[in-house]
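Residue numbers (the UniProt record's numbering), protein chains in the order written: chain A, 1 to 234; chain B, 1 to 234.
Quick caveat, the hints were computed from the structure, so don't treat them as lab data. Worth double-checking, as some hints may not be accurate.
Identical copies go unnamed one by one, so any copy, or any two together, can satisfy a pair.
[Claimed, not checked] With a straight-line cut-off of 30 Å between C-alpha atoms, the simulated BS3-like cross-links for lysine-lysine are:
hint, residue 1, residue 2
1, 116, 5
2, 214, 125
3, 12, 116
4, 12, 169
5, 105, 214
6, 91, 5
2 protein chains.
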Amino acid sequence: MSSLKTTITELKNLILQRHLQPGDAIPTESELCEILNVSRSSVREAVRTLTALDILDVRHGRGTFVGQMSLQPLVDALVFRAAMSATDDLKTLREIVEIRRSIDKNAGPELISSFKNTSNPELKKLVEKMVSYAATGRDISAFDQEFHNSLARRIDNTMQAQFIEAFWKIHSVINPLLEISTPDNLEVTAQAHGDILTALEKGDLEEYIAAVNKHYQPILDNLERTNRNLQEKL
Amino acid sequence: MSSLKTTITELKNLILQRHLQPGDAIPTESELCEILNVSRSSVREAVRTLTALDILDVRHGRGTFVGQMSLQPLVDALVFRAAMSATDDLKTLREIVEIRRSIDKNAGPELISSFKNTSNPELKKLVEKMVSYAATGRDISAFDQEFHNSLARRIDNTMQAQFIEAFWKIHSVINPLLEISTPDNLEVTAQAHGDILTALEKGDLEEYIAAVNKHYQPILDNLERTNRNLQEKL
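Could you build the full structure based on these sequences and the hints that come with them?
As structure tokens, then:
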């Protein structure tokens, strides 16, 4: 194992052994040099690597803390990967949309047990806004995100909820790389959110799955059309 | 935006603009100082951050290359998060197992269209080995990984396949944190792989889902038992 890897592992073990939690301060740079018996530059390199992974959080002038260990680094890396593939056959983008669709379908049973026979006026209002914005060709992404995050928050599996939010983010960052959605299919997407909500409140899994498919179809169609146009240009 | 963030963004843009691919060399440190108009220490810090995310790959004495952009950083981060939660209620571990189960179920239709009416003697042999090893309480993890990776390779969605492999890895690293599996439920797990294969070759989705549930049930039971024991000790 390289000395950097060893230092990183020892630093992680220190967090575990001391039962430090997100937000807790870790020892200072000089203390770490002594505890881990390595040079200042080794400590710095290890801290930087763990910061990139959101395992540590350096707040300048205030010290270094245990990070939130969010999925943000994954989001960043996947966004970049998607951008790299944007010039080829858009494969990564299609894969991301398909994964989003899978995650949403999967969440069906759990969402239904949370939503069945309830009424959700705030979500309904959100859908109405989306539909009216879409009808006039305005950007619906803020409402869209709020809708999907509201659903994610009803799921007891924190990590799965984070994946839903992470993939929404990845998708929204790479969306500008696509051809602009025509108002037509933007409206279909907006309405599909309403269908999703209705199916969940009714507790109808089959209808929910159909609504999820309807939600992603315009995006997948767009991707295929963009891909065809790209191929023709080659 | 902090200057580190700016340098990172510019370095990423350079990779995109030059259409560099994984394995391609990037400019040297001194060239980057000139191109990005920043100090050597800024370049170094940005390179280190991108290396932690597998976007760059520093090979000592040979230069810096575009990385494989694998999910390894995610695996590392989630393994660590799971280790941090191992002393509380094992929530992260349970979430990981549940996500694995979800991903596997999701892959059902696609796996069936690949496996239906085929015969897979290598996979069958793998299952037999697992069952006989499990019967004598020996470690089946190498066969287990090979089995799940073989299935993942049949999926056209590269990213989804990578998630299957990533979560297998996360799970296997944190498994030693659990109580040792009793030979009893190891055998159930081993046999469940056979059930999964049979269902896929028959093309029976319902049977496949049942086999996937059978596969993960002993692990979830173990987690619950471990959790109960931990609570009692408190």
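Hint-by-hint comparison with the structure:
| no. | hint | verdict |
| --- | --- | --- |
| 1 | 116 with 5 | neither (49 Å within a copy, 45 Å between copies) |
| 2 | 214 with 125 | within (20 Å within a copy, 42 Å between copies) |
| 3 | 12 with 116 | neither (43 Å within a copy, 46 Å between copies) |
| 4 | 12 with 169 | both (28 Å within a copy, 18 Å between copies) |
| 5 | 105 with 214 | both (12 Å within a copy, 21 Å between copies) |
| 6 | 91 with 5 | between (33 Å within a copy, 27 Å between copies) |
The structure does not agree with the numbered hints 1 and 3 stated previously, though it agrees with the rest.
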